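J.: Single-letter residue listing:
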Amino acid sequence: MSAWTRDEMMTVAAARLLWDGCVCFVGIGLPSAACNLARLTHSPDVVLIYESGTVGTRPDVLPLSIGDGELADTAACVIPLPEVFSYLLQAGRVDVGFLGAAQVDRYGNLNSTVIGPYDAPKTRLPGAGGATEIAAHAKQTFVMLKATPRSLVAKLDFRTSGGFLEGNGARARTSMRGTGPQSVITDFGVLKPHAESDELHLSALFDGMTVDEACAATGWPLKVAATVGTIAPPTKVELETLRALHARTREAHRRPVRLPA
Amino acid sequence: MTSKITTLTEAIAAYVRDGACIALEGFTHLIPFAAGHEIIRQGRRNLHLVRMTPDLIYDQMIGMGCASKLTFSWGGNPGVGSLHRLRDAVENQWPAPLVIDEHTHAGVAAAYSAGAAGLPFATLRGYLGTDLPSFNPRIRSVDCPFTGERLAAVPALNPDVTILHAQRADRHGNVTMHGIIGAQREAAFAARALIVTVEDIVEELPPAMNGVVLPHWIVSAVAQCPGGAYPSYVHDHYARDNGFYQRWDAIARERDVFLAWMDRHVLASRDHATFLASLREVA
Chain A
0 MSAWTRDEMM
10 TVAAARLLWD
20 GCVCFVGIGL
30 PSAACNLARL
40 THSPDVVLIY
50 ESGTVGTRPD
60 VLPLSIGDGE
70 LADTAACVIP
80 LPEVFSYLLQ
90 AGRVDVGFLG
100 AAQVDRYGNL
110 NSTVIGPYDA
120 PKTRLPGAGG
130 ATEIAAHAKQ
140 TFVMLKATPR
150 SLVAKLDFRT
160 SGGFLEGNGA
170 RARTSMRGTG
180 PQSVITDFGV
190 LKPHAESDEL
200 HLSALFDGMT
210 VDEACAATGW
220 PLKVAATVGT
230 IAPPTKVELE
240 TLRALHARTR
250 EAHRRPVRLP
260 A
Chain B
0 MTSKITTLTE
10 AIAAYVRDGA
20 CIALEGFTHL
30 IPFAAGHEII
40 RQGRRNLHLV
50 RMTPDLIYDQ
60 MIGMGCASKL
70 TFSWGGNPGV
80 GSLHRLRDAV
90 ENQWPAPLVI
100 DEHTHAGVAA
110 AYSAGAAGLP
120 FATLRGYLGT
130 DLPSFNPRIR
140 SVDCPFTGER
150 LAAVPALNPD
160 VTILHAQRAD
170 RHGNVTMHGI
180 IGAQREAAFA
190 ARALIVTVED
200 IVEELPPAMN
210 GVVLPHWIVS
220 AVAQCPGGAY
230 PSYVHDHYAR
240 DNGFYQRWDA
250 IARERDVFLA
260 WMDRHVLASR
270 DHATFLASLR
280 EVA
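Protein chains in written order, with numbering that gives the first Met the number 0: chain A, 0 to 260; chain B, 0 to 282.
Since the hints were made in silico from the structure, they are not lab data. Here the structure is a predicted model, which means the values were calculated and not measured. Be careful, since some hints might not be right.
Selected chain A positions facing chain B (in silico; Cβ < 7 Å) [said to hold, decoys possible]:
1. Ser-51
2. Gly-55
3. Leu-63
4. Ala-224
Stretches of chain B that chain A covers, calculated by requiring three or more beta carbons in the stretch to come under 8 Å of a beta carbon on chain A [as the list claims (entries may be wrong)]:
5. 16–22
6. 25–34
7. 65–73
8. 84–95
9. 113–126
10. 177–191
11. 268–281
C-beta: ideal position from N, C-alpha, C; glycine also.
Could you put the whole structure together from the sequences, leaning on the hints where they help?
T.: Below, the structure written as C-alpha cells:
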C-alpha cells in the first residue's frame, strides 16, 4: 500500500472525530466521505442524515448530489425536508453538523455565498442551503476545507454561517443553541477554538507537517496551542476502506445511465 | 367533473402567464425538467422563479431569458460546481438582470409550510449568525408573545403555479409520489394552481395510508410525461444521470455553447420524448 496523501489524511482525521451512535448531519463533498469512512470503520451505528430527508442512510458509494437515489435506497427512513430542518435540526436532535465552506475566518465563521461585494459579486457561490441552521443548531460542528491563505481568511467577504461571530463569547450571547465549530479539519492538521477568545488555534498537525507550513497556509497570523499534537497516520484499514469507497464511487458514477424510454 | 388529464403543452399554456410567480419543486429527485423545457419553448418572460435549489432546470430557464426574479436557498450544480447561467445573470446581467431573494433551506421550507397552511408568514429559529438579513429585507424578526424570544420571520410563499413531477396519478387527478419528496407537498398546497407531470396514469390508485397523496381538488392539471424528470430521476423508474450533471458544466460555461445546446435539444424538440430522442442521437 502506497503512502497516504494529505487529502486522505484529512478525511481520516475527520472520520476519527465521530463516534458510534452519534447523530450526524452530513454536508456534501469532503464531509460525506469522512462520515461514511467513520461508518465503515469505527462507528457502524453512526446515524447519517442528509438534508434531502434521508435518515440513517448507509450508501455503498458516495453520492454526487445530496439526494442521489442511493441515499434513499439505503436509508432507515426518508422524511419530508421541512421535518429535517424543524423536528431534527431546530429542535436540537443532531449531535454533529459536518460542513464544508469556501472560506473560514479565525472565529470559525463560514462563507459559501459570495466572493466580493454581495451586490456586485466577483464570484457568486451557491449560498447557504442548510449550512446556516446546521451551524446554529447542531450541538457542535466540524468544518472541513483545504487550507490556503484564500480559504482561511482574516475577514470573510460574506458571513453565511455563524461560528463564534466576533469571538470572546459573542456566540454564547445569541440564541444559537449549538456550541459552534469545535474542530476545523484542514489538509495540514486541525484547528480548535481557544477556550476564552474563541479564536481558532493550531491544535494538531499531520505527521510530517510543520508549524511553519500551517502558518503559511493560513491567511491570518495563526496562533499555536500550548501543545501541538501529532495526528497518527492512517491505519491500513482506514486507508484501504477509504480507497475502496472512492474506487466503488468512481466506478458507479462512470456507469452510463440508460435514458428513460 | 371535467377531466384534469391534459397535455403538458396545454397545461403550461393555460396556467403559466408572463410575469407569474412559479415554483418547479423537487429536491434533486423528481425535478420537473419536461415542464421547464415547455415553458422555455412557449417563450414565457419575466417570471418570478421559486425553488430551494435552482439546479440545471433554472440554469436553463434563466439562461434562456424566462426569469426576472429568483427566490432560492442554494444555487449550485450539486457535487459539480457552479450554475454558470445563474452566475452570468447575477454577475453580468446576462441575458437579463435577475433580482435575487436569497434564503436558507430552513427558511424556504418554513415559508412553503406557512403558504400551505394559509398563514401570512413563517417563523423559525433561523438566519442566526448570518449576513443574509442585512441584504434581504424580506427576512425579518418577530418576538414570541409567550416567551419574548426573538425569532426569524419570512413571508409565506404562495406561488401562482407550482409544478411537480411524480410517479403516478389516477384518472381523477389524484397524484402519488414516493422517495425523496423535499418540500413538494408544501409547495403544492401553497400554490394557487398545481400542474403535475407523471410517469403513469392509472385507472385507480391503491389505498395509500400515510403515503404522499396530492388530492384531486388541489390539482389543476395532470399530464403524462414519461422520463419527465430526466436528467433528475424518478425512484423505481430511472436513475439520476450524474454524468449529465457533470457534462452540463462544460455546456453551460459559455453562452454560445449553451445557446446552441438549448437550440438543438430543447427548442428544436416539440416535446419531451423528442428531447430524449435528440440526446440519444448524440450519446
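J.: Of the numbered hints stated earlier in the document, which are not met by this structure?
T.: As far as the earlier hints go, 2, 4, 5 are violated by this structure, in ascending order.
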